[in-house]
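In order, the protein sequence lines correspond to chains A and B. Using the working numbering, the first residue of the first sequence is number 1, and each one after it goes up by one. Using the working numbering, the first residue of the second sequence is number 1, and each one after it goes up by one.
Label pairs and their computed distance ranges (CB to CB):
| id | chain 1 | residue 1 | chain 2 | residue 2 | range |
| --- | --- | --- | --- | --- | --- |
| 1 | B | I120 | A | T38 | 29 to 35 Å |
| 2 | A | W91 | B | G22 | 35 to 41 Å |
| 3 | A | I53 | B | L98 | 19 to 25 Å |
| 4 | B | A91 | A | A21 | 27 to 33 Å |
| 5 | B | L18 | A | I11 | 27 to 33 Å |
| 6 | A | I10 | B | Q125 | 41 to 47 Å |
Worth flagging that the hints you see were computed from the coordinates, not collected in a lab. C-beta atoms are modelled at their ideal positions from N, C-alpha and C, and glycine is treated no differently.
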Amino acid sequence: MSELFPRKQIIGFIFSLILTAAALVVYFMDLSFAAGMTVLLVTAFAQALLQLIVFMHAGETEDKWSIYGNVYFMVGIAIVTILGTLLLFAWDM
Amino acid sequence: MKAGHAQPLEYSTHQNDLNIFGFWVFLGAEIMLFATLFTTYFVYEGRTGTGPSGAEMFEITPVLIETIVLLTSSFLIGLGVHAMRLGNKKATMAFFALTLALGLVFLGVEIYEFAHYVHIGAGIQISAFTAILMTTLGTHGMHVTFGLFWGTAILIQLKKRGLTPETANKSFIFSLYWHFLDVVWIFIFSFIYLKGMM
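Just chain A, with the same shape it has in the complex (with noise of 0.2 Å):
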């Protein structure tokens, strides 16, 4: 089924080091706040879809549907938590 050599995981784990080298940018640039944030929500999400997709193989049976939704419904979940914490305790609204 599969073809010998495993190009997607070499491909997947090269864009992987890109994405984290890319993140690091936050640590070696005087960025202001919300740059910095900006950068690392984009890599750290890209990095999990990453992950997901090509190391997980989330979408090759027919469950590929119900597993994204799981996992869409809990990050939303997650996301609505922290978010909402956030403005009732830290961002004082």
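Given the coordinates of chain A, work out where chain B should sit on it, guided by the hints.
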């Protein structure tokens, strides 16, 4: 799998399908577990009391080592699953063993880090910040530790029973767990360490 492709071993029975989907549901619950830890972390991040802040505690070198090691281990277990689908038991076992070895390296660096934090007066009881920091990092570290035992058990089963629908299924599920820990680490790396040192 797509039509025209043979089914990989780990999906070869209905029970196997259910096991894999059930594990995804478990991972959904794990997302929420770490979300609550991150929530608490973000709220307590600034509550350092008389203790040090993240910017004063964190060092880039050990964190980068941990990140590269975990990313590489995630890649290696991906190769392990690839080898498993080609039916190569030896290569599967070798990649899984390398994955676990890197997991051990990760854990070693993390333990060094914790010892260092305690040494510089940033133990878990110092402030709300150090408490939630170490709880979050520790929960991830505990997952990795558990993974080392689990992975070792998988290796023993692969050695004894070879690649069967059951052992392939267990190995695949373990690989999902390991990739998930890598994802959690990416968020720790980005939103605890890098954000703290920004």
